[in-house]
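Line order of the protein sequences matches chains L and X.
Residue numbers for the first sequence follow numbering that gives the first Met the number 0, beginning at 0 and rising by one.
Residue numbers for the second sequence follow numbering that gives the first Met the number 0, beginning at 0 and rising by one.
Think of the hints as simulated: they come from the structure by calculation, not from any bench.
Some hints here could point you the wrong way.
If several chains are the same, the list does not tell them apart, and a pair holds so long as it fits within one copy or across any two.
In silico DSBU-like links for lysine-lysine, alpha-carbon gap of 35 Å or less [what the hints assert, rightly or not]:
no., residue 1, residue 2
1, K205, K477
2, K205, K186
3, K259, K205
4, K205, K402
5, K141, K391
6, K391, K477
7, K75, K181
8, K439, K289
9, K75, K186
10, K259, K391
11, K181, K4
12, K392, K477
13, K259, K32
14, K186, K4
15, K141, K41
16, K186, K391
17, K391, K75
18, K181, K41
19, K41, K289
20, K289, K32
Number of protein chains: 2
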Amino acid sequence: MDISKLFTNVLLQPRSPIPLYSQIAGVLSENIKNNIIPAGTKLPPERELATMLRVSRTTAINAYRQLERQELISTKVGSGTYVSNVTLPAAPNPCVPWPQLFVPSPNTQLPSIIRELMASAATDDIISLAAGMPDPSLYPLKNFHRLLVQQFSQLNNSDLGHIPTEGYTPLRRALASMLVNKGWAVKPENTMIVTGSQQGLYLITKIFLEPGDYVVVESPTYLGAIQLFNAANARLLSLPAAGRLPLDLLQDYLIRYRPKLLYIMPTFQNPNGRVIPLEERRALLNLAAKHRLVIIEDDPYGELYYSQQPPPSLKALDHYGGVIALGTFSKIIFPGLRTGWLVAPETVINRFALEKQYIDLHTGNISQKLLYDYLSEGLLDSHLTFIRAEYKKRRDVAANALKRYCSPHLDFTLPEGGFYFWCTLSRGILARQLLHEATKVGVSFVPGEAFYSDTSGSSEFRLCFVTHHADQLVEGIKRLSKALQVLANNNAGNYTLPAITPVI
Amino acid sequence: MDISKLFTNVLLQPRSPIPLYSQIAGVLSENIKNNIIPAGTKLPPERELATMLRVSRTTAINAYRQLERQELISTKVGSGTYVSNVTLPAAPNPCVPWPQLFVPSPNTQLPSIIRELMASAATDDIISLAAGMPDPSLYPLKNFHRLLVQQFSQLNNSDLGHIPTEGYTPLRRALASMLVNKGWAVKPENTMIVTGSQQGLYLITKIFLEPGDYVVVESPTYLGAIQLFNAANARLLSLPAAGRLPLDLLQDYLIRYRPKLLYIMPTFQNPNGRVIPLEERRALLNLAAKHRLVIIEDDPYGELYYSQQPPPSLKALDHYGGVIALGTFSKIIFPGLRTGWLVAPETVINRFALEKQYIDLHTGNISQKLLYDYLSEGLLDSHLTFIRAEYKKRRDVAANALKRYCSPHLDFTLPEGGFYFWCTLSRGILARQLLHEATKVGVSFVPGEAFYSDTSGSSEFRLCFVTHHADQLVEGIKRLSKALQVLANNNAGNYTLPAITPVI
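With the rest of the complex left out, here is chain L (with noise of 0.2 Å):
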């Protein structure tokens, strides 16, 4: 069989990491695997493969080699090089039923929401107002650049070892002394950096939650949250996020249900926006402190404040020591740091630790490093400074917009920090029809229902004001008029509401 054929789609590479008798060999393997080159061929000899392939002769004899050693070829001293009876079989057979062996796997109709925004978060056609994203044009990359020529050149090799599983130490102090000025009572001892707050979440659930637990969560609140404490089977419990706190409902919970955790975001929260004023803050504490409530305080946006700083943390409130603190670089640097970090009782943390050591051992040194750096260079204060300016306009911009475009189709309150945008539409619009509609003319966001942990939410909306610049956002806006134009033509006048495909 003529051996050149095969190669005539495949273009041999000098320069790649791969050597170029690695590249022949892997070519002819696949070949006799696939049983194109079937058992029993003689093969070119050496010499002349190297003419027909243009390579050297040492090549040749190396990838010959290599087959050898897989014992898919062998050769007979004085007669040449033949391919092996080969017992591998073309197909996988028989074929491992690995679904079957799979543990039973928790409903994954929402983390497929998520992975879908991210993966919408990256097409170009459709202008994307739905993933929790900071603009990447706004990344302070010239820093990290300067500090990343700074810090290798200069970099003891031991950091690039192993560290310690709850964070590189320096990064740890640095932080620590971060909210020791906030008015956070914490040393160094009671942080851990963790691979994003998402898995600061997991440890919190693997670490707390049985099957069949309580867990007290906001209702709208963050989507992944929800999802996590689904898949360690926790019972979820509701709590309006609308309004005043409901101390007397989550008073009812804590004697009727005994829940492990109260998942809460106090400032800017996600989706809603809204911010616990500090007496409502204080309320929630004593109450917490009263039935030894443990509570998961998430506070990504307490930066990203558009007008005054909003009222300190429960976490610096904390008078029973019974929060735990997550927190993140992602939305105020950049999400592929990834890390993010827990502020918890000495004893909490080294549980968190033990866990964490099974997960991954540690979070990346270069990341954790290139953090301290910047952090220890005070750096973080200016860009602060300059991402609130900036995305304050862009919510300006964009409140404009949707009030000039939109209204009287949906209603929203000027949020006072974070990213979002909560809309609520008019009656007898659904926000999935209305995303139906709106990525056909080119602009995305997240529906309502993501939020809840029953199937509230389908008249309203998460929209993002901060990943796109001004000009983007109200051409998303205009577009999103669009969508709302044709969804109130069709039912003009009555409102009845439309048939859909069932949600959930």
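Knowing the structure of chain L, use the given hints to seat chain X on it.
Frame of chain L, contents of chain X only:
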């Protein structure tokens, strides 16, 4: 009260990342909360505070504002600034009973061994031959520094946002093509980047193991795997890792217990260095295929051979599609990269990705991008050539020193690759006891028991020969011989088993 005294031991740092006003407020806040400045205390006017601390008046004003926002002080117009009646008790009370809230914890005996190893490897006065750490002075930092400098200046900002859970796409492609050229049948969709191969193992346990499931492990085997399987409440079946692969025993296990997984390191096994010959690999795969057994092939050391190249991996020979391969760059580049990988059928990768999304969304971007650049510039091969030569030298130096200084008290087989000597002590000497003496004279290693799921291994230990350069290695072995002498003299002539603290 004289506020200035509170600042005598405090160094205000004008160049700190924390603004001066916030540093001042932090000191005052701490003292108010601890009741050192009692409620009702009149604080000095801002002008006076500024003079006292040699800061600007604005700084003093801002410090008071921060405390007011925290409701720790209040200003009465025309009268002055007073410490509020703070209702925070000094000690956290009532305290949350944390340990009662945790889910039942797995046996934490073994994790503490690993953590101690990681800690002991970091101290300077002991030559640690314990941890399986590459030598930091051999890390390819120059190339990484150059790549960082180039990379960040040309970086696509979106590379620092969220990337797919399965890994940075160009890196997955580079990995797949690297493996194809080793004879594997693998597409990018069959690969996944994880935070160290530790995370790969963690995902495998999460996806496949329910409490009570059987797992076949070699005996001895990698410590971290035993821990993970134990934590998942799996039941372990031991397969002796010395001599010929005991396929009869494995078949017996397969028939009797229908184990979910076989965890195996066919090449340069950790700890004992054993390499399974090609013919036995094929026989293992045939048996596995017959029983549809899933094989987890862990291969961190395969590239580190010191004489001939080892046989193809199980994954390369996998004819029934039942092998999941685990790899890592920690041992051959540096551990701080935190990038390991998995190869599995696409359906398995998808399930892994769902779980990893809960754990951390994705592994850090900077490491993945860097590693991609490193691989695609073809730098890995020459680095491997370099460290193979260096580690081979160390192995030979260590082997000579062991023979010269430590025989007849210990015995070992020369490892053909990897990181370790697996030593057997003369009758009557226990590894734990030797470790006790050894740390007194400044050298450490891992006692054999750590690698068994039962109580075997008391007269064996593992010694890592790659972490230190030749001189230190010889010095470490000389110290080891001193410790051996002490024990041999104690037991002189009779070799009776001395009393020791019970193990586990």
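Each hint, compared with the structure:
With identical chains, the CA atoms of K205 and K477 are never at most 35 Å apart, being 44 Å at best within one copy and 46 Å at best between copies. Taking the shortest alpha-carbon separations for K205 and K186, both the intra-copy value of 24 Å and the inter-copy value of 33 Å come in at or below 35 Å. For the homomeric pair K259 and K205, the shortest alpha-carbon distances inside one copy (12 Å) and between copies (23 Å) are both at most 35 Å. Taking the shortest Cα distances, K205 and K402 never come within 35 Å of each other, neither inside one copy (44 Å) nor across copies (48 Å).
In this homomeric assembly, K141 and K391 come within 35 Å of each other (Cα to Cα) only inside a single copy, at 23 Å, whereas the closest approach across copies is 42 Å. Taking the closest pair of Cα atoms, K391 and K477 come within 35 Å of each other only inside a single copy of the chain (20 Å); across copies the shortest separation is 67 Å, beyond that limit. In this assembly of identical chains, K75 and K181 lie within 35 Å of each other by CA distance solely across copies; the values are 24 Å between and 78 Å within a copy. Proximity of K439 to K289 under the C-alpha cut-off of 35 Å is found in neither arrangement, the shortest distances being 53 Å within a copy and 51 Å between copies.
In this homomeric assembly, K75 and K186 come within 35 Å of each other (Cα to Cα) only across copies, at 34 Å, whereas the closest approach inside a single copy is 72 Å. Taking CA atoms no more than 35 Å apart as the test, K259 paired with K391 passes in neither setting, with 37 Å inside one copy and 55 Å between copies. For the identical chains of this complex, K181 and K4 are inter-copy neighbours only, at 22 Å across copies versus 70 Å inside a copy, given an alpha-carbon limit of 35 Å. Taking the closest pair of Cα atoms, K392 and K477 come within 35 Å of each other only inside a single copy of the chain (18 Å); across copies the shortest separation is 69 Å, beyond that limit.
Proximity of K259 and K32 under a CA criterion of 35 Å is satisfied inter-copy only: 28 Å between copies versus 56 Å inside one chain copy. With identical chains, the CA atoms of K186 and K4 are at most 35 Å apart between copies only, with a shortest distance of 23 Å across copies and 68 Å within one. With identical chains, the CA atoms of K141 and K41 are never at most 35 Å apart, being 59 Å at best within one copy and 47 Å at best between copies. For a Cα distance limit of 35 Å, the shortest separation of K186 from K391 inside one copy, 33 Å, qualifies, whereas the shortest one across copies, 45 Å, does not.
For the identical chains of this complex, K391 and K75 are inter-copy neighbours only, at 34 Å across copies versus 77 Å inside a copy, given an alpha-carbon limit of 35 Å. For a Cα distance limit of 35 Å, the shortest separation of K181 from K41 across copies, 23 Å, qualifies, whereas the shortest one inside one copy, 77 Å, does not. For the identical chains of this complex, K41 and K289 are inter-copy neighbours only, at 32 Å across copies versus 84 Å inside a copy, given an alpha-carbon limit of 35 Å. Taking the shortest Cα distances, K289 and K32 sit within 35 Å of each other only across copies (20 Å), while inside one copy they are farther apart (69 Å).
In summary, the structure is inconsistent with hints 1, 4, 8, 10, 15 from the numbered list given earlier, while agreeing with the others.
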